[in-house]
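Asker: Residues per chain are reported as follows:
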Amino acid sequence: GENVEQHPSTLSVQEGDSAVIKCTYSDSASNYFPWYKQELGKGPQLIIDIRSNVGEKKDQRIAVTLNKTAKHFSLHITETQPEDSAVYFCAASPTGKLIFGQGTTLQVKP
Amino acid sequence: EPEVTQTPSHQVTQMGQEVILRCVPISNHLYFYWYRQILGQKVEFLVSFYNNEISEKSEIFDDQFSVERPDGSNFTLKIRSTKLEDSAMYFCASTTNRGGSFGPGTRLTVT
Chain A
1 GENVEQHPST LSVQEGDSAV IKCTYSDSAS NYFPWYKQEL GKGPQLIIDI RSNVGEKKDQ
61 RIAVTLNKTA KHFSLHITET QPEDSAVYFC AASPTGKLIF GQGTTLQVKP
Chain B
1 EPEVTQTPSH QVTQMGQEVI LRCVPISNHL YFYWYRQILG QKVEFLVSFY NNEISEKSEI
61 FDDQFSVERP DGSNFTLKIR STKLEDSAMY FCASTTNRGG SFGPGTRLTV T
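So the sequences go chain by chain: A and B.
Going by our numbering, the first sequence opens with residue 1, and the numbers climb by one from there.
Going by our numbering, the second sequence opens with residue 1, and the numbers climb by one from there.
Hints are computed from structural coordinates only; laboratory data are not their basis.
Ideal placement from N, C-alpha and C gives every residue a C-beta, glycine not left out.
Careful: at least some of the hints might be erroneous.
Simulated restraints, written as ranges between beta carbons of each label pair [claimed, not checked]:
#1 ASP59/A to SER66/B: 36 to 42 Å
#2 GLY1/A to LYS78/B: 34 to 40 Å
#3 ASN74/B to SER18/A: 19 to 25 Å
#4 HIS10/B to PRO82/A: 26 to 32 Å
#5 HIS10/B to ASN31/A: 35 to 41 Å
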């Protein structure tokens with residue numbers, strides 16, 4: 001079955017710096033890759049997603065890149081702000097279900 | 001903006017008891033899911049539900065688990081005889097196509 005690996009597990013950056021989180025997946029049938037942000041005590045919130053027919057997608061300060069050949073995808077957050085501090089999960093979807101990575105705790109220091 | 005809602009927010013139960021977790025998906029969504037997250041770990045897929053039947057389930061979703069959409073709006077997860085290792089956050093999600101909008105979760109504590 002699908003397996004998703006996510007790195008790093010924790011990431012600390014200064015406000016204004018960029019943050020990059022990377023994921024790899026195993027199942028070449030996966031064709032949908034969302035990223036979720038989870039704040040303490042809340043459910044995961046979708047922040048951006050990308051489908052396998054696209055290499056890059058951007059939404060304001062957030063961008064995601066996908067390399068299908070290498071089976072990896074990345075989340076890029078530019079100009080980080082303290083409110084970006086949260087746990088970020090990548091996921092891959094070969095069918096309808098989502099297979100999540102282990103999560104990255106992002107801390108943005110003011 | 002419509003949201004997925006879940007009740008209760010926290011459920012404490014004794015080992016061996018039955019629990020029912022409830023979810024109200026977003027009204028025009030067609031696909032429904034349950035996921036769980038053991039404290040400090042990743043979110044794990046349990047089951048997907050479409051057209052009034054289970055479309056996929058994980059190894060975790062054994063005979064102790066069942067799902068139901070009893071009235072066209074609610075979507076429930078039942079655990080027949082809870083075990084200590086069932087303690088986790090349970091998230092309901094719904095979508096029209098892929099991904100999913102997640103509810104706030106129910107924290108299940110089995111003592």
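Asker: Could you run down the list of hints and mark each one as holding or not?
Answerer: Taking the hints in turn, this is what the structure says about them:
no. : hint                           : result
1   : ASP59/A to SER66/B: 36 to 42 Å : 38 Å, holds
2   : GLY1/A to LYS78/B: 34 to 40 Å  : 25 Å, violated
3   : ASN74/B to SER18/A: 19 to 25 Å : 43 Å, violated
4   : HIS10/B to PRO82/A: 26 to 32 Å : 28 Å, holds
5   : HIS10/B to ASN31/A: 35 to 41 Å : 36 Å, holds
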